[in-house]
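A.B. asks: Those protein sequence lines, which keep their order, are chains A and B. Just so we're aligned, residue 1 is where the first sequence starts under full-length UniProt numbering, counting upward by one. Just so we're aligned, residue 1 is where the second sequence starts under full-length UniProt numbering, counting upward by one.
If you are wondering where the hints come from, they were derived from the structure by calculation, not from laboratory data. No residue lacks a Cβ here, since even glycine has one placed at the ideal position from N, Cα and C. A couple of the hints might just be wrong.
[What the hints assert, rightly or not] Okay, the calculated bits of chain B under chain A, using three or more residues with CB under 8 Å as the criterion: (1) 171-182; (2) 260-270.
[Claimed, not checked] Sample of chain B residues at the chain A side, in silico, Cβ under 10 Å: (3) Tyr49; (4) Gly52; (5) Gly225; (6) Leu276; (7) Asp279; (8) Gln286.
[Claimed, not checked] Pairwise CB distance ranges (calculated): (9) Ala65/A / Asp279/B: 42 to 50 Å; (10) Ala145/B / Pro259/A: 31 to 39 Å; (11) Asn95/A / Ala61/B: 49 to 57 Å; (12) Pro259/A / Asn236/B: 53 to 61 Å; (13) Asn251/B / Asp299/A: 50 to 58 Å; (14) Asn251/B / Gly57/A: 27 to 35 Å; (15) Ala61/B / Pro259/A: 16 to 24 Å.
Protein chains: 2
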Amino acid sequence: MVTTKRYHLAQRPEGVPDDDTFDLREVDLDDPAGGEALVKIRYLSVDPYMRGRMDAGESYADPWAVGDPLRGAAVGEVVDEASTEFDAGDTVVGNMAWAEYHLADAADLQRIETGALPVSTALGVVGMPGRTAYFGTREVLEPRAGDTVVVSAAAGAVGSVVGQLAKLQGATVVGFAGSDEKCEVVEDEFGFDACINYEATDDYVAVLADAAPEGVDGYFDNVGGPITDAVFTHLNVDARVAVCGQIALYNAEETPTGPRKLGKLIETRARVQGLLVGDFAPRFEQATADLAEWVAAGDIQFRETVTEGLENAPDAFLGLFEGENVGKQVVKVGE
Amino acid sequence: MVTTKRYHLAQRPEGVPDDDTFDLREVDLDDPAGGEALVKIRYLSVDPYMRGRMDAGESYADPWAVGDPLRGAAVGEVVDEASTEFDAGDTVVGNMAWAEYHLADAADLQRIETGALPVSTALGVVGMPGRTAYFGTREVLEPRAGDTVVVSAAAGAVGSVVGQLAKLQGATVVGFAGSDEKCEVVEDEFGFDACINYEATDDYVAVLADAAPEGVDGYFDNVGGPITDAVFTHLNVDARVAVCGQIALYNAEETPTGPRKLGKLIETRARVQGLLVGDFAPRFEQATADLAEWVAAGDIQFRETVTEGLENAPDAFLGLFEGENVGKQVVKVGE
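Can you build the whole structure from these sequences, using the hints too?
C.D. replies: Written out as structure tokens, the structure reads:
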């Protein structure tokens, strides 16, 4: 038996989650029974989609029940197991609780080898965010040489990879990010052609007209709201829009409203399509291998923001909505 | 030389066009010069998209200049020509002025043979509206057997054909129309499985839940606004939305606003695509032939609303926005 600290959903938040949302408990975990593995967690992923799971209503992820442990992708080390394919010492990734230890069905874990990369990248550039970028770019955005592609949340775990993949296809890539410091990273490290600091202007339509004078052929949307409205204004004929996230709206207490934009689609015959990486599960292995190769070759750069300590996981999560992270936000729980 | 009455754009309307929008002039037309044909117009088409051409701003059709003749698809008879492939007496369709006579470049005219059908159908079920339905259904909506398809403006020239084509593919088809009388036509003549009179309820979400209990796999949108919001609420995974028109918004004086719906696309991975029939011009001949065959075989039913007299063309046009037409609205100008 092991005792672990673990976060539970204390109550459903109205609007922005706060201290009353998170309940840190101390719980005892049973020893692994057949087919189970006990994992000592090293890194937790916090992701914007988790906000949707805190609500009772419909989202693209099932809601958590009040009192349930909060869960997400995590990397850890198997410390005990019963009748599984894993050995103590194996490094694994899977959907686990926000906790120090997690008792997992072994079927939900995958052994990982990140080689020269830190194991935390299994939650980022070679993990779900990287694969989201990979399939979203290939299957929905379809950037072509000469295209102008716009990426919102360009400094984030997904957006940073999308922009680099679009560059590899020969597109001109413009990002939106929330500070001058982030824009420097987006331009200098991730190699975007331009980056707009959306905190420095209210007139996104005008700044985008300057940054994308030939209009927008592809838009990868992680944020929604006014930035997305501005990009729609500049869509070209036959543009593609991949809708991956709407982080600007996730904490809204009322149904968010905005200008109606479907008429723009008639004018441009643009295609707007939602994206959920789980649909591509049969192709994850290839995507992960491709991403790892491109990172190793230096074709894809990445950043991580590491928050230390399980007790700081709620702050790390809430920081996503304040744009505090550059690249993938993870929480370091244990060595 | 011939003298004709002809409508010109008197001034750009703010909101709903009115008498001050339309200027009926008496003008003299020259005799045809080389490559021109003088056409005596029999039927004029009035279409919702023309509202966009009255504004200075962007639309999917180029704006008219103030003082320009109003133009649209028309059917007529060649009465004089100079060095063209046409003979006096030929029945032709083309883009012509709202007038009794029009001096056309012969290159802009096509000879038509509607057989047993009235020539006015070249403006409707076997004309541009029919082809819009044809390509929109095949290329964007992609109805499959077992799908539930929703069509707004179901009694209209485009919607009525879309629904029948979706039925031929084995879909269950639900229409929205603006009166009980129209819904009777939609169900009994056009063969839709159900029709919702949107004037009889404000709770489109609830009535659609009843009419489409398995959700919506395909939506063909001619109207925009709250009906479209309600349909989005019911979209199924992998749904397709064809955006063909937004007539509910065309007379808006302010930018129309509404609930933001892109998050629904993540949940469903739905694809939303704008549609402009002109993109399919290389395939018009086949489409027209197919439609004519299906109409002749009784597989596609159609209706026309005929307004008599050129002087009533503005009222016929404005009636589109009041939902006064059933099927294709045309104006009969001459015998």
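A.B. asks: Each hint: holds or not?
C.D. replies: Each hint tested on the structure:
| no. | hint | verdict |
| --- | --- | --- |
| 1 | 171-182 | violated (count 0) |
| 2 | 260-270 | holds (count 10) |
| 3 | Tyr49 | 9 Å, holds |
| 4 | Gly52 | 9 Å, holds |
| 5 | Gly225 | 7 Å, holds |
| 6 | Leu276 | 6 Å, holds |
| 7 | Asp279 | 6 Å, holds |
| 8 | Gln286 | 20 Å, violated |
| 9 | Ala65/A / Asp279/B: 42 to 50 Å | 49 Å, holds |
| 10 | Ala145/B / Pro259/A: 31 to 39 Å | 37 Å, holds |
| 11 | Asn95/A / Ala61/B: 49 to 57 Å | 51 Å, holds |
| 12 | Pro259/A / Asn236/B: 53 to 61 Å | 26 Å, violated |
| 13 | Asn251/B / Asp299/A: 50 to 58 Å | 51 Å, holds |
| 14 | Asn251/B / Gly57/A: 27 to 35 Å | 34 Å, holds |
| 15 | Ala61/B / Pro259/A: 16 to 24 Å | 21 Å, holds |
Checked against the numbered hints given earlier, the structure breaks hints 1, 8, 12 and satisfies all the rest.
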